[in-house]
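Chains A and B, in that order, are what the protein sequence lines are. The numbers in our numbering rise by one with no breaks, and the one at position 33 of the first sequence is 33. The numbers in our numbering rise by one with no breaks, and the one at position 188 of the second sequence is 188.
Just so you know, these hints were derived from the structure itself, not from any lab. Some hints could be false.
[Stated by the list, open to error] Selected chain A positions facing chain B (Cβ under 8 angstroms, derived; list incomplete): (1) R3; (2) Y7; (3) R11; (4) H44; (5) E55; (6) W56; (7) G59; (8) F73; (9) P75; (10) G78.
[Stated by the list, open to error] Computed Cβ-Cβ distance ranges for the label pairs, DEER-style: (11) B:D387 <-> A:R58: 39 to 49 angstroms; (12) A:V14 <-> B:H136: 52 to 62 angstroms; (13) A:V14 <-> B:E221: 33 to 43 angstroms.
Every residue, glycine too, gets a C-beta built ideally from N, C-alpha and C.
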Amino acid sequence: MARVTLYGGLRRHVSAPMQQLDSVTMRDAELQAALFENDRPRPHVRVLVNGRNLEWMRGLDTPLEQDHQVAIFPPIAGGTP
Amino acid sequence: MNGWTGKILDIDLSDATVKTYELDMEMARLFLGGRGLGARLLWDAVGPAIEPLSPDNVLIFATGPLTATGYQTSNRFSVTTKSPLTGTILDANSGGFWGMQFKKAGYDALVVRGRAERPVYVEITPNGVTIEDAKHLWGARVGAVTEQLGQNDNRRNVLCIGPAGENLSRMAAIMNDGRRSLARGGPGAVMGRKNLKAIVVEGKERPGIQDHEGFRFLLYESRKMLRTSPLTSQALPEFGTAVVMNLINHIGALPTRNFQQSQFEGAEAISGEALTEKYLVKNASCWACPIGCTRISRTQKVEGEGPEYETTWAFGAQCGVDDLAAIIEANHLCNELGLDTISTGSTIGCAMELTERGLLDSDLRFGRADMLAPAIEALAYRRDLGDDLADGSLRLATKYGAPELSMSVKGLEMPAYDPRGMQGQGLLYATSNRGACHMRGNMLGLEVLGLPKRIDRFQVQGKSSYVILHQNIAAAIDSLVVCKFTHMAVGEEYFARVLSAVSGVEFSTGDLVRAGERVWNLERMYNLREGFTRSDDTLPSRLLREPLADGPSKGWVNELEPMLAEYYRARGWDRQGVPTQDKLKELELEEIVNSQQSTVNSQ
Ligand code: SF4
Chain A
1 MARVTLYGGL
11 RRHVSAPMQQ
21 LDSVTMRDAE
31 LQAALFENDR
41 PRPHVRVLVN
51 GRNLEWMRGL
61 DTPLEQDHQV
71 AIFPPIAGGT
81 P
Chain B
1 MNGWTGKILD
11 IDLSDATVKT
21 YELDMEMARL
31 FLGGRGLGAR
41 LLWDAVGPAI
51 EPLSPDNVLI
61 FATGPLTATG
71 YQTSNRFSVT
81 TKSPLTGTIL
91 DANSGGFWGM
101 QFKKAGYDAL
111 VVRGRAERPV
121 YVEITPNGVT
131 IEDAKHLWGA
141 RVGAVTEQLG
151 QNDNRRNVLC
161 IGPAGENLSR
171 MAAIMNDGRR
181 SLARGGPGAV
191 MGRKNLKAIV
201 VEGKERPGIQ
211 DHEGFRFLLY
221 ESRKMLRTSP
231 LTSQALPEFG
241 TAVVMNLINH
251 IGALPTRNFQ
261 QSQFEGAEAI
271 SGEALTEKYL
281 VKNASCWACP
291 IGCTRISRTQ
301 KVEGEGPEYE
311 TTWAFGAQCG
321 VDDLAAIIEA
331 NHLCNELGLD
341 TISTGSTIGC
351 AMELTERGLL
361 DSDLRFGRAD
371 MLAPAIEALA
381 YRRDLGDDLA
391 DGSLRLATKY
401 GAPELSMSVK
411 GLEMPAYDPR
421 GMQGQGLLYA
431 TSNRGACHMR
441 GNMLGLEVLG
451 LPKRIDRFQV
461 QGKSSYVILH
471 QNIAAAIDSL
481 VVCKFTHMAV
491 GEEYFARVLS
501 AVSGVEFSTG
511 DLVRAGERVW
521 NLERMYNLRE
531 GFTRSDDTLP
541 SRLLREPLAD
551 GPSKGWVNEL
561 EPMLAEYYRA
571 RGWDRQGVPT
581 QDKLKELELE
591 EIVNSQQSTV
601 NSQ
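One chain only, chain A, in its complex shape (with noise of 0.2 angstroms):
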């Protein structure tokens, strides 16, 4: 099972900040009310697939295999003023 990963605020809503995931696609993905709007990621929310962006692969159907590692990052800024 892919295993994925919650950041920053996201962490609120669970109990543990890493999930094991059942299923084969992003579609199925816990928080989805959360984390997407109209079957796309909200603005700013980022999810990565072994650290590749799912805007960079095939979105919301990308597939996902047993070893994959899914992050989710809420709106997050950067860097050092």
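Once you've looked at the hints, dock chain B with the ligand against the given chain A.
Leaving out everything else, chain B with the ligand in the frame of chain A:
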């Protein structure tokens, strides 16, 4: 014209003379303030014959036309000098309160020349400008000096150096308000050489605003944008800047153990999430800032501001350290001693690799959290190996026979993004006028965060146009001066409208970005006059020739050459990276550069 006070304060410490003269308003129109005004003044004041640590080098503290107006984040100011670390033109900018207070004291800029015979501090109040004895302050750390001189955030503000500046560490920062820093490139050493411990300011007059109604409307609009953007209203206040740690690690662009790897197994332990959960006391803000990205953190030993993302990386992944308490304490120590955390952490990481390769005999090894504090102390006081560390990673690695292990550009240590996983960031580092810098048009937004739009981080072709646009915008923002985080929610067109409302002179968005381009080109001409060439626009060989072995950026090096050639063309420079006469003319720089060049050459 409003926005500028129209006055420059000029202090020569050699003969204790204090002068005030008028700011040339044409200069203000062309270069705005802050970094731009600093570059313009330095062009005339410090030519190639002057060594950075000579008393003849100058420090130019400059505010901008928006500073102290009350516009969101209008708290910033800059210092410009010739860098003792890189030999390039250097500007560093800072937030907090000091810049606002200095502008309210009635000046756009302060030029400090010469060298006092004994340690002094300068006091600027409504009663006048005095040069005071600082014997009792010499040797003291930043917190103690700031307190002794009567820091009061909204009334009286202290800017000072710590022991690192006194001991001429080439990575010494100038600290303001006890906790913010003009950090990069060693301006603290220039101040130390001048025997100048501190500058205290008290102001009373808010700068005038031409179009009050227009200004109020823009203030309201900007507040709305900052409130509705999830970045400035949630992300930065909630987790601070270090929240990008996990993201950068996930994409395989987190430089680890002196850039030997691009993912750090301890990233989660030193992330913004961990900082918030375990060590955060509260948030804090600079003057007039509704964002409040600043963290106040506490360990069992210290409490203070920070650490920011780059600092957490520098003492964390770069040194192979996953002990966040030790990193917070290292950051606190740097603030107390007056040191740039990026260069300090990166240089220690470089020493760790030199040691592990058997080139240096020291106890500095990757993962040794317990060695951070002793190494920082030694560096600040130039004790033992600290004497070498204080000169930066390039001089250190060169001395021990492996200059290629310095992860720097033009001698300035690179921040926390591996250019093999972010191609445009590599071009940005290579071309940055003060050496490797992420604040000159950071590609983090475009290549990773998708701000304002997403571009492929591995794409090479076409990257230069993004880099150039963002370099120009960053130079304009640094000349206004506002905090770059505002730009995550408020577009540059608003900054142009605010500038127009404040000054009463119509600045279009194009005029503003063009001012940034002018600043960039003048800085470039300054470095060329110093003898820098195309060959200095490069990256450490590791990044150009050693493909990453693992992770999502596996197999990549930075493809700098094609990006650089494209960059020079798009900038209107020749193949050697020299701005053409046509470009200089277009930017109204021709006369300045040609006349001053001959003046300097004939000196
Ligand atoms: S966003 Fe952060 S660094 Fe920028 S002005 Fe506000 S508190 Fe200061």
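Here is how each hint holds up against the structure:
1. R3: Interface hint status for A:R3: violated (12 angstroms vs cutoff 8 angstroms).
2. Y7: 5 angstroms, holds
3. R11: At about 7 angstroms, which falls below the 8 angstroms cut-off, the nearest Cβ of chain B leaves the hint on A:R11 intact, so it holds.
4. H44: 6 angstroms, holds
5. E55: Cβ of A:E55 sits 6 angstroms from chain B, so the hint holds.
6. W56: Holds: closest Cβ of chain B sits about 6 angstroms from A:W56, inside 8 angstroms.
7. G59: 13 angstroms, violated
8. F73: 6 angstroms, holds
9. P75: 4 angstroms, holds
10. G78: Hint holds; A:G78 Cβ to chain B Cβ min 3 angstroms, cut 8 angstroms.
11. B:D387 <-> A:R58: 39 to 49 angstroms: 56 angstroms, violated
12. A:V14 <-> B:H136: 52 to 62 angstroms: At roughly 56 angstroms between Cβ atoms, B:H136 and A:V14 fall inside 52 to 62 angstroms, so the hint holds.
13. A:V14 <-> B:E221: 33 to 43 angstroms: At roughly 37 angstroms between Cβ atoms, B:E221 and A:V14 fall inside 33 to 43 angstroms, so the hint holds.
Hint violations for this structure: numbers 1, 7 and 11, all remaining hints satisfied.
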